[in-house]
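Q: Letter by letter, the chains look like this.
Protein chains: 4
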Amino acid sequence: MQVFEKVESEVRSYCRSWPAVFTTARGSRLDDETGKSYIDFFAGAGSLNYGHNHPVLKEALLSYLAGDNIVHTLDVYTQAKRDFLQTFHDVILAPRGLDYKVQFPGPAGNNAVEAALKLARKYTGRETVVSFTNGFHGMTLGALAVTGNSMKRGGAGVPLNNAATMPYDNYMDGQTPDFLWLRSLLEDSGSGLDQPAAVIVETVQGEGGINVATAEWLRGLQDVCREHDMLFIVDDIQMGCGRTGPFFSFERAGIVPDIVTLSKSLSGMGLPFALTLMKPHLDVWEPGEHNGTFRGFAPAFVTATAALEEFWSDDEFTKSVDIKATWLDKELDQIADAHPELGLTTRGRGLARGLVFEESKLAGLTCKEAFEGGLIMETSGAEDEVVKFLPPLTTSEEDFELGIAILRDAVDTVAKEHA
Amino acid sequence: MQVFEKVESEVRSYCRSWPAVFTTARGSRLDDETGKSYIDFFAGAGSLNYGHNHPVLKEALLSYLAGDNIVHTLDVYTQAKRDFLQTFHDVILAPRGLDYKVQFPGPAGNNAVEAALKLARKYTGRETVVSFTNGFHGMTLGALAVTGNSMKRGGAGVPLNNAATMPYDNYMDGQTPDFLWLRSLLEDSGSGLDQPAAVIVETVQGEGGINVATAEWLRGLQDVCREHDMLFIVDDIQMGCGRTGPFFSFERAGIVPDIVTLSKSLSGMGLPFALTLMKPHLDVWEPGEHNGTFRGFAPAFVTATAALEEFWSDDEFTKSVDIKATWLDKELDQIADAHPELGLTTRGRGLARGLVFEESKLAGLTCKEAFEGGLIMETSGAEDEVVKFLPPLTTSEEDFELGIAILRDAVDTVAKEHA
Amino acid sequence: MQVFEKVESEVRSYCRSWPAVFTTARGSRLDDETGKSYIDFFAGAGSLNYGHNHPVLKEALLSYLAGDNIVHTLDVYTQAKRDFLQTFHDVILAPRGLDYKVQFPGPAGNNAVEAALKLARKYTGRETVVSFTNGFHGMTLGALAVTGNSMKRGGAGVPLNNAATMPYDNYMDGQTPDFLWLRSLLEDSGSGLDQPAAVIVETVQGEGGINVATAEWLRGLQDVCREHDMLFIVDDIQMGCGRTGPFFSFERAGIVPDIVTLSKSLSGMGLPFALTLMKPHLDVWEPGEHNGTFRGFAPAFVTATAALEEFWSDDEFTKSVDIKATWLDKELDQIADAHPELGLTTRGRGLARGLVFEESKLAGLTCKEAFEGGLIMETSGAEDEVVKFLPPLTTSEEDFELGIAILRDAVDTVAKEHA
Amino acid sequence: MQVFEKVESEVRSYCRSWPAVFTTARGSRLDDETGKSYIDFFAGAGSLNYGHNHPVLKEALLSYLAGDNIVHTLDVYTQAKRDFLQTFHDVILAPRGLDYKVQFPGPAGNNAVEAALKLARKYTGRETVVSFTNGFHGMTLGALAVTGNSMKRGGAGVPLNNAATMPYDNYMDGQTPDFLWLRSLLEDSGSGLDQPAAVIVETVQGEGGINVATAEWLRGLQDVCREHDMLFIVDDIQMGCGRTGPFFSFERAGIVPDIVTLSKSLSGMGLPFALTLMKPHLDVWEPGEHNGTFRGFAPAFVTATAALEEFWSDDEFTKSVDIKATWLDKELDQIADAHPELGLTTRGRGLARGLVFEESKLAGLTCKEAFEGGLIMETSGAEDEVVKFLPPLTTSEEDFELGIAILRDAVDTVAKEHA
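Those protein sequence lines, which keep their order, are chains A, B, C and D. When the letters of the first sequence are read in order and numbered with this note's numbering, they come out as residues 1 to 419. When the letters of the second sequence are read in order and numbered with this note's numbering, they come out as residues 1 to 419. When the letters of the third sequence are read in order and numbered with this note's numbering, they come out as residues 1 to 419. When the letters of the fourth sequence are read in order and numbered with this note's numbering, they come out as residues 1 to 419.
In short, the hints are calculated from the structure, not lab data. Hints may contain errors.
Copies of the same chain look alike in the list, so a pair counts if it works inside one copy or between any two.
Unchecked claim - Here are the computed lysine-lysine pairs in the DSS-like style, where the Cα-Cα straight-line distance is at most 25 Å: (1) K330 / K361; (2) K101 / K330; (3) K324 / K416; (4) K6 / K416; (5) K279 / K416; (6) K279 / K6; (7) K36 / K319; (8) K416 / K101; (9) K361 / K324; (10) K279 / K58.
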């Protein structure tokens, strides 16, 4: 690993938790160069909902590339983009009664967030965006300003402004009625909160610690937005594409955001790809007003199209996620119950799950033990107190059971040796 | 094209200049769905220096994908990343006596710029960054603040601050000594310019109109940075990877920037990929202080490694670019000389060339005519007065001659019909 | 009044409520040019705690001016400044065990606030300042950023940043424990609140609607500041100089702010004068780092010194304010009780009192009626729903009764004609 | 002086140059507590154009105060304000064909500047204000952002934004045509300068080092403003009220700014007082949108009115300033010529004059020597390299000669002992 340590910047991070050199990967498994195989309950931080190298997607990609089809296209029209747009319209938007316009804002999730925030500010002529405690939206200056994590904010080197942080669902442990603070500020012309352009929210906060907003809370938030003329932006980068069951994580709450961001699992195979969706009347962009080199990475269109066709043509996939989620939830509860001395609790929605440790450092130790046992997981939350589960949605029963067994052993070991 | 117009956002742009649906592409040629073939003198805005679907890179990519090697990796260690780092070190850094640390800041050029600016501010504890007239660095808020274009800046919806614009080389037509204004501000404690963290500059401004900084000017700028304790950032996203001849566009000026950004042609095949290079003492990042989902897109490592090995193991490629550049320069001069009535001038370095029209709208009309003749080119400059040439560096003599012939006809037509 | 309407800017405001041209004034009385006399329950928004033209202060001022003593002094040493500093030390600071250093930041309250905020940011190296809903601190950009009123904020024309608004005492009607939100943000490294430099607060919000912070809340706030290493700034511009009884409005809460601002009644006769007090270790200013033309307006030193000697050498004045406050409180309660149909409530501390109308427009109508009856009062609060009482602290029993009688009639009239 | 050192903040400044305790003052003389008399060539940094305690103004003030006329009035109508507005209209505005509306923005010059900047931003809906190298406009955050001095800017503790600094007249020693840089930025949509709301400028920079803008430059600047739709703000706080001869310092340049700020000598006796003047169509303030406690300090209206009547009813005063200026200019030139070894130069307009030392520290030593000889002067300029002369405009021939004699001795001593 010498070359990494010598040449790569100190900013590198996940490699410090998982000191292995990975080579091949299929489904929910990945291998390191020594031949050791791991169960992956992390899935590229939610970027591999369909697993590593899904054969259908891979085939589509290989075929596209082998045919000398165009790869890099800025935002010209291509057959690959047409297929994607048509499929996204037919498979995702139309059946859900959504008429979003689609922007390709650049390859990364932060590009989708930056475009969403710029559009909201341009459309409303206002500057402030309401964000939420422990929200995570990206590392570029606009996205970082609506991100909660203080270490990451500190990296900006300039004050992060034009944003106002509000309590996420249940942030104050039920000691305050939902939206009391936000509504008070909005309804009081002396509050010091300038009329916001928009609200940006995740339905489940992955990086923030698998904090789950209830459907009631999300509907309530949409109501506040409608009543106070703020655009409602859902950042569905991590929770979209089926992570919580339906394609959009907000569907079951019965809400319709004004702007939606998608990325991570959208390409289906981990290719950089992001979308900003907006209601048609919000599409006030000038041509080229937001641009970028990798807006039209055709291979991502191809695998995304294949993924939409493979998984979203009917509701079977969503049903399977629901079943797996119920099973995983029960398993995690059992682990929690088995260790009353650790004060474990569980939370989550769909296949975004968290095992929360009373003593935060034990979460990290559990991940470390699990890694040695052959299971990839990461912590999240402001104190890294949550073991986060983002397994591929396609994980087989066998791999799930294997992974949970490793986890169970890891928790046992930590309970024995560290608690 | 109905689906594009119905579903895609109004922000789409290049497709308005080139109303075709593209399908396949090889080298300097691309085809549309009607079977028409085009010479590409645009190369993905400089992202395809080695042409479309270069067979060696494509082979490496297909082989990697076919082998179920890992695709999406955040910033874990992989064989693909090791190979890239080792090759980048051996082929690029070491022979040039450079000891940069390498950061993978995300897939897009703007990620590389944002990381560079954040690091410069964090390292120095200062906020202001000096940028230059007509500079272009990206659409995210941090990068946009150092970008000149007013239409794109207007899209921010918030004031873009912590930046100070300075005159690029020859901006004031030789009526002011180089750096007189910048030095005056820096040396005068009453100037109102807060001590900057850094300077960010392109050696040739592509989007800004193929404005070329001389070696003397770049050395002068480095001197100002050294004397006034500012970090010197070269944004080599568009001009790097051989566009001007050598791998880094700044090599021949004899300068060594403190921070360098790379992207566009780095992956060699148009895959989203970006780097931020920094002198080792500047690598003060905390682990994870800047992160992102697509920092470790392994296929880009693979094609980038193949490209470095294919093109940069010796200096033959640079020599070939130099020869082609001389030829292209001469051809463009001849076209300019043939039309004194258009007041044409040419400028550029390497294979980044511009044909500047006195009457700006004629540049756009020329591109339109050329497109109809089967040649892809775009305008640039604040008034879109420059026809910009960024052909693949691998363009064959035959394709070059064909392209120039189409261009010549286009200029003739424009001269006849519009001038 | 033609010249006013023709020449003075539309920004003029109080004159629209009180359409008279005033001439002479003594104690709690002022006269207009038609000879009509008014009881003043407004006292220059709290700038005339000792009444208009108090004979002792006036005598000191006339004697100083008649003697050709120096008037304008920037920040040179003068006899007048020495006397003030010595008296302020001996009469105010020393007996209270306070060792504040004294800065003369300029003539206006906003100068005192700007100096306080600059110092807090410089000392801590942080940018964010916590302010409170309905706080009022001034119209200059730094002070305006911590002021709540949306109309006044809108006048800035730029985003007001580097501030975070928090709920003032009882802002959410007891539905949330005190400081739950602020503490949650401070204790959660993922909250999105950057570590603040300071908190700025009024003990009673005059402009904000006579909102009263309890002693418990103020002590709690000081605790939060101490625990989280934030400087604690009390803006005592309106509530200091005896308005609530003691010289500093925070004395009885048993707190000791790190920085205190004073102005308004400090000069005693309405002369522009302001102070920023800071604990000695915070006095990290460079000489001249904050300056200003009217920092040393000697006549204000003279009247301020006379006022300190006249009113603050013992505790008699405070006792008299307490007695008057009890009386006024009872009177206002009786008026409220007499009109159950108006839903009146009262609140306040010392001689800062408010009569709150359920239907906000009735507050303005009451002031209008009172003015016609010969009583000067103003509304405050975000909806102008509060009739605000800031009578001179020296108001005689007779004038108080006269004023209350006029008020009673005004409320009766409003109840009869408008409710 | 113990009490000052013990109780007053370290920010105190002028007192460090002039370690005396001043007591009485008349005309161009002031006395310290030891009875030593000084000639004052500083005049409260230009706040005492009519000298200390001018008998006519003093009489008006004493009479007003003795009559129990109202002192503190917020912005209600008073007889004193009416007289001032009428006189200002009749004596200043009407004869010059000016129809400015008058705003009382608060007692300090920075209040006038903050109001001007807020209004310009509100009116135009833009944020950026163009300021100039070595400009000085005040210490509050809005005014500080357009002030050049780096030490004072550093005191802000937050980035100072929404401003762009441009070269003042002759800043680059004639090596660049006037406005080439500013015009280039404004005319180039890729320059990175966002369309400014306004330009703010001093006609002579006092604090900045007695830098004099020529009439041609000022007219050129007005032309740039008109052509590019920017409001033209002249900050006449230090150079107005006759300092350069005419009442407004810009009159002789034949320009008519859109907004003008006045303060310092406006009250005539050093009382805190400031005005913001605006062309009528710019008066888009909401009532109360900008407010402040000491907007209506009636004694300042009274002395200001008396000063207007005494000095500005005809053009005799301007003529006398012109004569004195010619004389002072010649005297300073002679001193400069007498010491070729010091490389002295002189500059200035009217009675704002500077003696510029090649070796900057000698300027301070000269002031120190002069102080010991009984003459009050200060340095200015970014390096404190300029001895600044701002004598009262009423200085008698005798006092002028006495002061110049002391200066001559001081320069001789410095030349002998330090050069």
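Q: Run every hint past the structure and note whether it holds.
A: Hint by hint, here is what the structure shows:
For the identical chains of this complex, K330 and K361 are intra-copy neighbours only, at 24 Å inside a copy versus 59 Å across copies, given an alpha-carbon limit of 25 Å. Neither within a single protomer nor between protomers do K101 and K330 lie at most 25 Å apart by alpha-carbon distance, with minima of 39 Å and 46 Å respectively. For the homomeric pair K324 and K416, neither the shortest alpha-carbon distance inside one copy (29 Å) nor that between copies (70 Å) is at most 25 Å. For a Cα distance limit of 25 Å, the shortest separation of K6 from K416 qualifies neither inside one copy, at 37 Å, nor across copies, at 61 Å.
Taking CA atoms no more than 25 Å apart as the test, K279 paired with K416 passes in neither setting, with 54 Å inside one copy and 45 Å between copies. With identical chains, the CA atoms of K279 and K6 are at most 25 Å apart between copies only, with a shortest distance of 12 Å across copies and 48 Å within one. Proximity of K36 and K319 under a CA criterion of 25 Å is satisfied in neither setting, with 33 Å inside one chain copy and 46 Å between copies. Proximity of K416 and K101 under a CA criterion of 25 Å is satisfied in neither setting, with 54 Å inside one chain copy and 41 Å between copies.
When the C-alpha separation of K361 and K324 is checked against a cutoff of 25 Å, the pair qualifies neither within a copy, at 28 Å, nor between copies, at 60 Å. Within a single copy, K279 and K58 get their C-alpha atoms no closer than 33 Å, and across copies no closer than 39 Å, so neither meets the 25 Å cut-off.
Violated hints, listed in ascending order, are 2, 3, 4, 5, 7, 8, 9 and 10; each of the other numbered hints is respected by the structure.
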